[in-house]
Amino acid sequence: MRPTHFFKQNGTGYLFLAPWIIGILAFTLIPVFASLYISFSKYEMFGSPVWIGLDNYKEILTGDEQFAKSLGVTFKYVLLGVPLELAFALLIAMMLHKGIRGLRLYRAIYYVPSLFGGSVAISLLWRQLFGAQGLVNQFLAMFGIQGISWIATPETALYTIILLKVWQFGSPMIIFLAGLQQIPNDLYESASIDGAGRWAKFAKVTIPLLTPIIFFNMIMQIISAFQAFTPAYVISGGSGGPLNSTLFYTLYLYQKGFVSFQMGYASALAWILLIIIAAFTTLAFLTSKKWVHYEK
Amino acid sequence: MFRKGLTIGMSALLAAALSACGGDSASKAGEKEAKGGQEKVALRFSWWGGEARHKLFTQMIEDFEKKHPNIKIEQEFSDFDPYFDKLATQVAGGDPPDIMSMHLTRYMDYANRNQLLPLDEIVQSKAVDVSDWNPKILDLGKANGKLVMLSIGNSSKGFFYNADLFKRANVEPPKFDITWDEFAAKAAELKKAVGKPDFYFIDDQSGIMDTFGYFNRQRGKDNYTKDGKLGFTKEDMIAYHQYWDKLRKDGLIPPAPLSAEYKGKQHQESMLAKGITAAVFAPGNQMKIYQSFMKDELDVVREPGDPNGKSGEDIGGVFLSISAKSKHPKEAAEFIKYFLNDEDGVKMYKDEQGVVASPKSDALIDPLRVPADKKIAAYQKKITPYINVPNTAPAGGNDINKQFGNASEAIAFGKKTIEQAVNDFFNEAGKILK
Numbered sequence: 001m002r003p004t005h006f007f008k009q010n011g012t013g014y015l016f017l018a019p020w021i022i023g024i025l026a027f028t029l030i031p032v033f034a035s036l037y038i039s040f041s042k043y044e045m046f047g048s049p050v051w052i053g054l055d056n057y058k059e060i061l062t063g064d065e066q067f068a069k070s071l072g073v074t075f076k077y078v079l080l081g082v083p084l085e086l087a088f089a090l091l092i093a094m095m096l097h098k099g100i101r102g103l104r105l106y107r108a109i110y111y112v113p114s115l116f117g118g119s120v121a122i123s124l125l126w127r128q129l130f131g132a133q134g135l136v137n138q139f140l141a142m143f144g145i146q147g148i149s150w151i152a153t154p155e156t157a158l159y160t161i162i163l164l165k166v167w168q169f170g171s172p173m174i175i176f177l178a179g180l181q182q183i184p185n186d187l188y189e190s191a192s193i194d195g196a197g198r199w200a201k202f203a204k205v206t207i208p209l210l211t212p213i214i215f216f217n218m219i220m221q222i223i224s225a226f227q228a229f230t231p232a233y234v235i236s237g238g239s240g241g242p243l244n245s246t247l248f249y250t251l252y253l254y255q256k257g258f259v260s261f262q263m264g265y266a267s268a269l270a271w272i273l274l275i276i277i278a279a280f281t282t283l284a285f286l287t288s289k290k291w292v293h294y295e296k
Numbered sequence: 001m002f003r004k005g006l007t008i009g010m011s012a013l014l015a016a017a018l019s020a021c022g023g024d025s026a027s028k029a030g031e032k033e034a035k036g037g038q039e040k041v042a043l044r045f046s047w048w049g050g051e052a053r054h055k056l057f058t059q060m061i062e063d064f065e066k067k068h069p070n071i072k073i074e075q076e077f078s079d080f081d082p083y084f085d086k087l088a089t090q091v092a093g094g095d096p097p098d099i100m101s102m103h104l105t106r107y108m109d110y111a112n113r114n115q116l117l118p119l120d121e122i123v124q125s126k127a128v129d130v131s132d133w134n135p136k137i138l139d140l141g142k143a144n145g146k147l148v149m150l151s152i153g154n155s156s157k158g159f160f161y162n163a164d165l166f167k168r169a170n171v172e173p174p175k176f177d178i179t180w181d182e183f184a185a186k187a188a189e190l191k192k193a194v195g196k197p198d199f200y201f202i203d204d205q206s207g208i209m210d211t212f213g214y215f216n217r218q219r220g221k222d223n224y225t226k227d228g229k230l231g232f233t234k235e236d237m238i239a240y241h242q243y244w245d246k247l248r249k250d251g252l253i254p255p256a257p258l259s260a261e262y263k264g265k266q267h268q269e270s271m272l273a274k275g276i277t278a279a280v281f282a283p284g285n286q287m288k289i290y291q292s293f294m295k296d297e298l299d300v301v302r303e304p305g306d307p308n309g310k311s312g313e314d315i316g317g318v319f320l321s322i323s324a325k326s327k328h329p330k331e332a333a334e335f336i337k338y339f340l341n342d343e344d345g346v347k348m349y350k351d352e353q354g355v356v357a358s359p360k361s362d363a364l365i366d367p368l369r370v371p372a373d374k375k376i377a378a379y380q381k382k383i384t385p386y387i388n389v390p391n392t393a394p395a396g397g398n399d400i401n402k403q404f405g406n407a408s409e410a411i412a413f414g415k416k417t418i419e420q421a422v423n424d425f426f427n428e429a430g431k432i433l434k
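Chains as they are written, first to last, in this note's numbering: chain A, 1 to 296; chain B, 1 to 434.
Hints are supplied without guarantee of correctness; some may be wrong.
[Said to hold, decoys possible] Here are the simulated DSSO-like cross-link-like pairs (lysine-lysine), alpha carbons at most 30 angstroms apart as the crow flies:
#, chain 1, residue 1, chain 2, residue 2
1, B, K327, B, K146
2, B, K325, B, K55
3, B, K374, B, K337
4, A, K42, B, K325
5, B, K226, A, K42
6, B, K347, A, K42
7, B, K265, B, K374
8, B, K86, A, K42
9, B, K310, B, K325
10, B, K265, A, K76
11, B, K434, A, K58
12, B, K191, B, K295
13, B, K415, A, K76
14, B, K263, B, K175
15, B, K374, B, K310
16, B, K246, B, K196
17, A, K58, B, K431
18, B, K310, A, K69
19, B, K431, B, K416
20, B, K86, B, K330
21, A, K58, B, K229
22, B, K402, B, K416
23, B, K327, A, K42
24, B, K402, B, K249
25, B, K310, B, K381
26, B, K86, B, K226
27, B, K431, A, K69
28, B, K265, A, K69
29, B, K415, A, K58
30, B, K431, A, K42
Keep in mind that the hints were calculated from the coordinates and are not lab data.
Just chain B, with the same shape it has in the complex (with noise of 0.2 angstroms):
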């Protein structure tokens, strides 16, 4: 009989759990709500980011807390992947953080489905001041005519290099505004100069989006439009990967393989960290973050660029949003308040993910930046002139990135050829955004 197995197997298995789970009585730690005289408040406040941003927050919460004795601020964080996977699920599940911190490229996925309470009416009774903010970047926290997000800080992305490596290579540094076709051959001079196979210019950017998105919009174009369709044609796919395929074949950016190892590593285990590669593209507010897991000194510029065309720079940042589905919106607000408008909040959370929104805050801050934060500071205020805001992303953009991945990876590969991978990109784009 089948039963006999069973029964053995059972027993057995059995036995054996049971000696292993000897010491599992997790205790879950009941949330005690002290009753005093006045009604105590909890609110969850999530976030992504690693250790440090940690440490800052802790502080900055116990000095909220210390502030406003009657609001408890726990704290939900991960990694920037995860976090948007499990902000997904927390949502669905109908049980969101009160204060959800909020990127460009995904908050309409969370708008457009009434996830995000609109923020107007707090803002215009100054309840949170942003009287002297640049309208451009409150505009950016709009969805559907509505106020849904306030930036708590904004950076562009420049393109990072390693200057200390440039000079030991007797290499001129990159200037200012280079062109693609310098870009391409500065990376070959420095790869030739550095004299060794395995190491190369910048990582694979044939699958990212987002410098895509530059490409795009130096050509008049953008990755999205309006209304959330393709902004841009099959030749214009086409053309950037014939860049970066070049490059690729030329030894300038790594292969596949060494690409998707490194694919979702964190900044201390990325290829610029581990003297790989000699440059990268990231938003400002990294620049800190990668140079504090290196030696050699880092320098920025503007990505790449069309000489004959616009300007592709973009704005990033985080944002901070409340949930719609918030018991308590009134103190949700005033965590908010206390980043923005709070001057010993301001002077702790500095620039740290991204320079600040109100030049009155930016004027507190400026005694307390470290060398690399002036830099950054700096080239955000070089670069504002250039910036655009692109159209965002449509509900169902995390898909369209992940197609757009899977296409460089097949060219990177050799599966399929350049115009193979877009027509196929293409159609998995068309089923996705219908």
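With the rest of the complex left out, here is chain A (with noise of 0.2 angstroms):
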């Protein structure tokens, strides 16, 4: 084919995708692979990368200890926060779900604290709730508690994050509430006659049929929350304490790059951390042949 030719049919067409092609490339193709080179080499931000093989990668597997605590830490958060927050989601949903008056409106408001959940604005007002002197201690002190610096204390800090993940339940209480109003309102009336209960119902219908919308939340949480960044950096002032109990995988990563200047170390660890979230990822979509149920 001559290219005047192959213009002419399909110039028209390439232009309107040239947005998105020059996008894909400068953004996110030629970085993704930059940052694979510079993981296999010893780059310290202001020369050139220098290649070291897989010198990063043993490091970071065999003798790094701050990876191992980033890691059980992430893993804490990923596991505890996500079922949380899906399982408060889901609860708000429910209650939204009974056809109150001012439906649009409830759903407005609480929806709203994902909109600002991972902010610096929230983390910063989440510091001053948990501190020592805090609205949370001030209250507890009303029931003669006295509290700690629950954002200061290592046993307590990443809760305080935890909490923060739940509380940000919006987008995917709405994606159940979109659910919910799927199922077919008959399945209920049917199941009533059959003499099941509003347990019953809950856990014989509703959970079923919902499940491909749990399954499609829990993915999209677990991909977030292992990219956490911001409340970890705020609320412990950049630092990932105390004693690095809210040492983030990514807080940890960008330390190593921005503070530490070492970015083929940091690149070769978010490439693990890409190769972690895509295990889990897997892991999820094989396990879910087993729990999800799809309508036939």
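Quick one: dock chain against chain with the hints and give me the complex.
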């Protein structure tokens, strides 16, 4: 095919595609492959990368305590935060689904935390809430309980951030709500006729029919939870402290890159994170055959 | 199918997102370079600090631009820590500011990677006149034999204490040359006199590498050697921690959670300003800042010392350097000249970031000093004979600082013994500095 002919036929199409093609090249594909290359090199930001093969990966996987620590923190965050958030989202969605008056308004109100959720402002607010003199302790003091500084105690700091995650239940809630509205009412009616109570209806009708939605929400939330950064950065003042108890994987990666200037090492960390997320997602897909129920 | 979940999910999300992002049309203010007869040059100037400094620099820049109609200065600023995070990113991305504020603890990271323009010629040709400077201060700005930054204000650290609080508690204030033992005794005396369990003498210094540097230099050592290795031994670090650990156990410095909560807070929110502590170790130029957030009057003496040892004082301050990538180094030098040689510039800037190096400028500033400035200028002069120029931190110094802080936290929270924490620190430092 001669080029002029090719462009006459398809030129307009490619022209319309150009913004997307340029975008994905400049902002996704090229950076992705650059970071893959850098992950195999020693690159201290200002010079040029020097190829060192697998050394970065070797060091991360064998001799890096902080890597193990940050992985532990992140797993805890994902494995506790995501199920709690989803449960909470489902609970609120069920309550809103009851067909109360002003549903649209409530839906919007409950969605608001999700909009602000990961922002710096909310993280700062969280820091105030859970500080030694914070609102939470003032509330506890009314019952004569002397609270600790929740964000500055290694045993509790991570849980304040998990709580922040749960509080951002808005977007899974909206999706659950949409899912609940898809469940045909006659199923509940026939369940009632069969003598099912509220709990049985929930367990035998709602949950099975919602499994595709639960599955979808779970995957989305797992992926985003692994990438959580802002809350940990702000609440710990960028340190991941106290005692590395909030050293999220992304925060560690950031520190390696932008505090220690070890870009090669940081890139290797990023690729390991990608592999971990991919593994979790694959695992979820593989097990989904066992528990996700699709309507025929 | 997964697809059903996906469709419902996506459409619901999309609906929510659409309703949310209605007004998000961030109009990026296009930089219009007015092309008149003369070529208009835009320079980026970056610095760290707060609101008051922003006002000052805005004024200075207005004056500078009036005198140099072809140059336009854009400010980029943030707090100290984020400042260097941002600068590192900009430099790595090949988009550094033309004029950068620099610090002795950080500049080697940039100088070693040839990111700072050598200024020797500018100084020799007197394009910027530093001929009346103390050569010691000029030398501070050298890296690998080349001058890469110029001081715009120097300050040594001091031990600031709340003088009114001492008066109220009826405790004799610390003397000018206080020893470590006297310091601990003073702390106990004041705590007893104040009589509040949640009052402490000073914030926990055990994780602050700068203060440790004083301790090391008093022992004839330093934080780093000339060739960029650790300049102290495990025994030094253990002794340092034992000192602070005792103060912690005696309730004279805050417990670990309180320290963690106040970590990284600025002057206004500091324990000193809030009356939780009575003292702080800080660079001289910050006295005015602390003072502006406090009713009680502050006073300053030397940081504690070793009666049989050497002096620990170092010198800090702020330096200006020009990016090696700057397209307009001449104009950038012109801006630095405004700080150092222009009479109006000098008078406006005063001691903002420390006492200036030029005696000529100092004479211009002296009549303009407020009491807190006078106190510090006098302190800086009094302390000059004690000053050392510490070996600069090698690349990786930031990482070492962080590890040093980690060791202190681990001890304070009781997770490691002092010996364990120190051993771990040396292991980590060895990896970083290899």
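Tested hints:
1. K327(B) with K146(B): holds, 20 angstroms
2. K325(B) with K55(B): holds, 28 angstroms
3. K374(B) with K337(B): holds, 25 angstroms
4. K42(A) with K325(B): holds, 23 angstroms
5. K226(B) with K42(A): holds, 25 angstroms
6. K347(B) with K42(A): violated, 47 angstroms
7. K265(B) with K374(B): Holds, at roughly 27 angstroms.
8. K86(B) with K42(A): Judged against 30 angstroms, a Cα distance of about 21 angstroms means the pair holds.
9. K310(B) with K325(B): violated, 42 angstroms
10. K265(B) with K76(A): holds, 28 angstroms
11. K434(B) with K58(A): Holds. K434(B) to K58(A) sits at ~17 angstroms (cutoff 30 angstroms).
12. K191(B) with K295(B): It holds: about 20 angstroms lies between the C-alpha atoms, which stays within 30 angstroms.
13. K415(B) with K76(A): Distance of about 20 angstroms is within 30 angstroms: holds.
14. K263(B) with K175(B): holds, 29 angstroms
15. K374(B) with K310(B): holds, 27 angstroms
16. K246(B) with K196(B): At roughly 19 angstroms apart (the allowed maximum being 30 angstroms), K196(B) and K246(B) satisfy the hint.
17. K58(A) with K431(B): Roughly 14 angstroms between the alpha carbons, so the hint for K58(A) and K431(B) holds.
18. K310(B) with K69(A): violated, 41 angstroms
19. K431(B) with K416(B): The given pair, whose Cα atoms are some 20 angstroms apart, holds under the 30 angstroms limit.
20. K86(B) with K330(B): Given that 30 angstroms is the threshold and the Cα spacing comes to 25 angstroms, the pair holds.
21. K58(A) with K229(B): The given pair, whose Cα atoms are some 25 angstroms apart, holds under the 30 angstroms limit.
22. K402(B) with K416(B): Distance of about 17 angstroms is within 30 angstroms: holds.
23. K327(B) with K42(A): holds, 29 angstroms
24. K402(B) with K249(B): holds, 24 angstroms
25. K310(B) with K381(B): Roughly 19 angstroms between the alpha carbons, so the hint for K310(B) and K381(B) holds.
26. K86(B) with K226(B): Holds: K86(B) and K226(B) sit about 28 angstroms apart, inside 30 angstroms.
27. K431(B) with K69(A): Satisfied, since the Cα-Cα distance of roughly 18 angstroms is no more than 30 angstroms.
28. K265(B) with K69(A): holds, 26 angstroms
29. K415(B) with K58(A): holds, 28 angstroms
30. K431(B) with K42(A): holds, 14 angstroms
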